[in-house]
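A.B. asks: What follows is the residue order along each chain.
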Amino acid sequence: MRRLFTIAAIFSLLLCSVCLAASPKKVTMPPYEEFTLDNGLTVYVMETREVPLVTMRLLLPVGSVHDIPGKEGIASLTARLLLKGAAGMTAEEISATVEGIGGELEARATRDYTLLNGNFMARDMEFGLGIMADLLLRPDLPEEEIEREKGIIAAEIRRNRENPYRFTSTQFMKLIAGDHPYAHPVSGNAGSVGSMTRDDISGFHGDYFNPAGAILAIVGDVDKKKALALIKKNFSGWKGSEVELTVPKLAEKRFPGRRIIVIDKKDSTQGQIRIGNIAVGRDTPHYFPITVANSVLGGGFTSRLMREIRVVRGLSYGARSVSYQFKGGGLFLVSTYTKNETLREAIDVALDELGKIRDAAVEEEELESSKRYISGLFPFRIETNDHLANWLTEIAFYGLEKEFVENYRSNISEVTSEKAQEAARSYFHVDDCMIVLLADYEVVKDQLEGLGEIEVIKFDGIE
Amino acid sequence: MISNVRSICALGLLLAATLLAMSGAPHAGESKSAAIKLDVTVEHLDNGLKVILLEDHSVPVVSYQTFFRVGARNERPGITGISHFMEHMMFNGTEKYGPQEFDRVLEANGGYSNAFTSKNMTAYYEDFASDVLELIVDLDSDRLKSLALDSQYVVSEMGVVKEERRLSIDNSVAGVMYEELYALAYKAHPYSWPVLGWMSDLERIDRDDCVEYFRTFYAPNNAVLIVAGDFDSAEAMRLIHEYYDDIPSQEVSSDIRTVEPEQFGERRAEVHKPAELPQVMIGYHGTSAASDDLFALDVLQTILTGGDSSRLYRKLVRDLGIALSVRSSFGWNIDPGLIYFDVKMKPGEDTVKGEEAIYSELEAIASEGVTEDELERAKKMLEADFIRSMQTVNRKARKIGTYEILFGDYRGITEVPEKFRRVTNDDIKRIAGEYFNRNNRNVVTLVPERADG
Numbered sequence: 020m021r022r023l024f025t026i027a028a029i030f031s032l033l034l035c036s037v038c039l040a041a042s043p044k045k046v047t048m049p050p051y052e053e054f055t056l057d058n059g060l061t062v063y064v065m066e067t068r069e070v071p072l073v074t075m076r077l078l079l080p081v082g083s084v085h086d087i088p089g090k091e092g093i094a095s096l097t098a099r100l101l102l103k104g105a106a107g108m109t110a111e112e113i114s115a116t117v118e119g120i121g122g123e124l125e126a127r128a129t130r131d132y133t134l135l136n137g138n139f140m141a142r143d144m145e146f147g148l149g150i151m152a153d154l155l156l157r158p159d160l161p162e163e164e165i166e167r168e169k170g171i172i173a174a175e176i177r178r179n180r181e182n183p184y185r186f187t188s189t190q191f192m193k194l195i196a197g198d199h200p201y202a203h204p205v206s207g208n209a210g211s212v213g214s215m216t217r218d219d220i221s222g223f224h225g226d227y228f229n230p231a232g233a234i235l236a237i238v239g240d241v242d243k244k245k246a247l248a249l250i251k252k253n254f255s256g257w258k259g260s261e262v263e264l265t266v267p268k269l270a271e272k273r274f275p276g277r278r279i280i281v282i283d284k285k286d287s288t289q290g291q292i293r294i295g296n297i298a299v300g301r302d303t304p305h306y307f308p309i310t311v312a313n314s315v316l317g318g319g320f321t322s323r324l325m326r327e328i329r330v331v332r333g334l335s336y337g338a339r340s341v342s343y344q345f346k347g348g349g350l351f352l353v354s355t356y357t358k359n360e361t362l363r364e365a366i367d368v369a370l371d372e373l374g375k376i377r378d379a380a381v382e383e384e385e386l387e388s389s390k391r392y393i394s395g396l397f398p399f400r401i402e403t404n405d406h407l408a409n410w411l412t413e414i415a416f417y418g419l420e421k422e423f424v425e426n427y428r429s430n431i432s433e434v435t436s437e438k439a440q441e442a443a444r445s446y447f448h449v450d451d452c453m454i455v456l457l458a459d460y461e462v463v464k465d466q467l468e469g470l471g472e473i474e475v476i477k478f479d480g481i482e
Numbered sequence: 017m018i019s020n021v022r023s024i025c026a027l028g029l030l031l032a033a034t035l036l037a038m039s040g041a042p043h044a045g046e047s048k049s050a051a052i053k054l055d056v057t058v059e060h061l062d063n064g065l066k067v068i069l070l071e072d073h074s075v076p077v078v079s080y081q082t083f084f085r086v087g088a089r090n091e092r093p094g095i096t097g098i099s100h101f102m103e104h105m106m107f108n109g110t111e112k113y114g115p116q117e118f119d120r121v122l123e124a125n126g127g128y129s130n131a132f133t134s135k136n137m138t139a140y141y142e143d144f145a146s147d148v149l150e151l152i153v154d155l156d157s158d159r160l161k162s163l164a165l166d167s168q169y170v171v172s173e174m175g176v177v178k179e180e181r182r183l184s185i186d187n188s189v190a191g192v193m194y195e196e197l198y199a200l201a202y203k204a205h206p207y208s209w210p211v212l213g214w215m216s217d218l219e220r221i222d223r224d225d226c227v228e229y230f231r232t233f234y235a236p237n238n239a240v241l242i243v244a245g246d247f248d249s250a251e252a253m254r255l256i257h258e259y260y261d262d263i264p265s266q267e268v269s270s271d272i273r274t275v276e277p278e279q280f281g282e283r284r285a286e287v288h289k290p291a292e293l294p295q296v297m298i299g300y301h302g303t304s305a306a307s308d309d310l311f312a313l314d315v316l317q318t319i320l321t322g323g324d325s326s327r328l329y330r331k332l333v334r335d336l337g338i339a340l341s342v343r344s345s346f347g348w349n350i351d352p353g354l355i356y357f358d359v360k361m362k363p364g365e366d367t368v369k370g371e372e373a374i375y376s377e378l379e380a381i382a383s384e385g386v387t388e389d390e391l392e393r394a395k396k397m398l399e400a401d402f403i404r405s406m407q408t409v410n411r412k413a414r415k416i417g418t419y420e421i422l423f424g425d426y427r428g429i430t431e432v433p434e435k436f437r438r439v440t441n442d443d444i445k446r447i448a449g450e451y452f453n454r455n456n457r458n459v460v461t462l463v464p465e466r467a468d469g
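Line by line, the protein sequences give chains A and B.
The opening residue of the first sequence carries number 20 in the working numbering; numbering runs sequentially from there.
The opening residue of the second sequence carries number 17 in the working numbering; numbering runs sequentially from there.
Don't read these hints as lab results, they were simulated from the structure.
A virtual CB, placed ideally from N, CA and C, is assigned to each residue, including glycine.
Certain hints may be false.
Keeping only pairs whose Cα atoms sit at most 20 Å apart, straight-line, the calculated SDA-like set for lysine to any residue is [stated by the list, open to error]:
no. : chain 1 : residue 1 : chain 2 : residue 2
1   : B       : LYS331    : A       : GLU175
2   : A       : LYS169    : B       : ARG283
3   : A       : LYS477    : A       : ASP465
Output of the computed footprint for chain A on chain B, the stretches with three or more beta carbons under 8 Å from beta carbons of chain A [as the list claims (entries may be wrong)]:
no. : stretch
4   : 117-128
5   : 352-363
Just a sample of chain A residues kept apart from chain B, beta carbon distances all over 12 Å, derived [stated by the list, open to error]:
no. : residue
6   : PRO88
7   : GLY122
8   : PRO183
9   : HIS199
10  : THR216
11  : LYS252
12  : LYS268
13  : GLY290
14  : PHE320
15  : ARG329
16  : ARG332
17  : TYR336
18  : ILE393
19  : ASN430
20  : GLU437
For reference, chain A alone in the conformation it holds in the complex (with noise of 0.2 Å):
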């Protein structure tokens, strides 16, 4: 087993060859092998030598989009329960553990899938990929940690209402995606959590957590054969259900009109302000062409947005713009906050800016700065074990291209300033939009004349 103790040693890098130039060179991930077992599991081994630790990422497609009616939140509380007991282990036991060789885990759900993810000394991947089949497949679910579980849940969920930037994009969603399963929070509610059973949580399991389109990433300073060796040797046992699962397409079309919806919160110095619709999903075909409109409305310092907002009129610390992209559809939103006085004045400067760029197409010079900044920085999203292992699982999770890291600088600089408007055009909406205001009610009322019809809820009204 390879040692590190020299700061030498520690201080040389993970490899991922990248070549950058004045025109964008292509950005290789170092090679991997692919593999997929009898039950259907799909396996990725890559070699990085740089440091001895390993990273091993499983991803199972089942997240919160399938949490069953009434039991929102069973997905999350499945996934966090795995660490809490399995294969005869106590929670107490898996974590000494797994801490006392300066290991990590952390089981977690999304809204489209669950993540089983170690994070170990390479010289001990074959203790972790043992504990993760242990607690993948053979999770002892003890009634006394799921009533303790729950109790965390829905303390966090009270605590979640103490942040007013999350609690406003919460409830965005909420309100945006309607009935769809994307609108209630990963966690779930404070009822649907506190209906949960051992044998909802159990059925769940058993039904959901299926080899069959799972992904196991194992990155590292390992042997690939070994690798491979240890991962059948723990994972071919694995028998899932017949259940398949579907991710059900949030609406097709965008909101209709524009909505208000002001949060009443007494107390607050600060307003929150989301604007939105439904926009794509992950698969979408104008990926890169979102992504470069994205940057120059929303993107880094120099965006339209925190020029206008911030470095202009000092109005706010932060205005930034996201394509939130989901395997069954997604929103784009634009976020920031202003001190209550000008609350109406970043409004309308948002607004005015998703119109512009609509309106026109953006110059070349703004346009080629915004690939470079993205072209640019891609290297640093592929410089640690962890960010290989989740380009590796992410591509076979949305079915992107086999190259996409590869071929991401020539997508980006691919996008011309027609693209960007078309992208913009059909998914950066102003007229159609909903608009959701965290603010104290009484003191901005007056500002709020003539933006159209709002609607007032209770802060304290809202779960």
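Assemble chain B onto chain A, guided by the hints.
C.D. replies: Chain B alone, transformed into the frame defined by chain A:
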């Protein structure tokens, strides 16, 4: 260290614990004489700028970082927050590159820049593709030569900083509590005020204050430049000479006179704010970077709150089930800093129960020490964390810069593994008794009120 940075991604950092993680302690029974050496080129320019180059050709990227020995501790009442404000103003134009040009030129060349300010230091970094090194040397040295501090931008940027304050302190219960804790614990020393500054000072700071502050502290002899990544050291050093040599040194001292007097009894404060869950922060006066207790304290911190196997997590979150989370910060500081615990209670749970649980564990450790298992596990966690923290050029450069400011010498990094390795159970017992006594305690409790009034 507690940092306030230029961009939105800073939110999570406000309460993040410090450099918890530095160690190279070997496996029990394995090599004990692990030598550590840093393969860097170091040069002091005639104007006093210290330059540290770490060549690494694995990836054609470079991280370029400048650390200044100035932070909130160098401020005084009336201009609190000016260190952090100066950090913002460094992006608002020079004589050569006008307002907005720094970011425009940088981004158009595939680079990204950000910065952070803490109570102890102010640091700037650019991450970029290695083929534009000269441009970055120009952009960054230019800020030292001819920062504009344009009045119009002083006004608009102050608006930005006030929004940052409203976001991360005034409209955040944890932010208000944290501010209250330091104001409670420090009666004399400048660690008392927030890095973001008091709102009334932000209302008054003007261009003249900025000019004076910049002149006082932004001197080459008050800075360390660290470049890590893909470049040729000789060529980089040539460029650095070319662009920095004509910047004059200045008389500058970052030393401060005031020493926080001894505390003679527990201090308590309440915060009444709209909130959902009770919360309590408990702070003890700790030590400075000059003390070797730092390392035993880091091991103890890991034992107390590092991971799900830690003592306080097990006791408060699992066994008693009264808390949602328990975190701690044993941050490293130039002057004696604050060691604090932050407990978020479950709905309806009394913070007193959280306090009692923590005090009883601290007392138990002071009298009985910890188990060998706990000690070994903590050292293993610190070892792995250290290696994880060395995976990117940005973090390597940051580590070197941080050591320069806190210890006056990056070579301190090489001694860290041995210092962790040497921590014994007796050390843990001793420091638990020494630092965690009641007369040295500051407690802030949150009393939640409803938002609808």
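A.B. asks: Would you list, in rising numerical order, the hints stated earlier that this structure does not obey?
C.D. replies: 2, 7, 8, 13, 14, 15, 16, 17, 18
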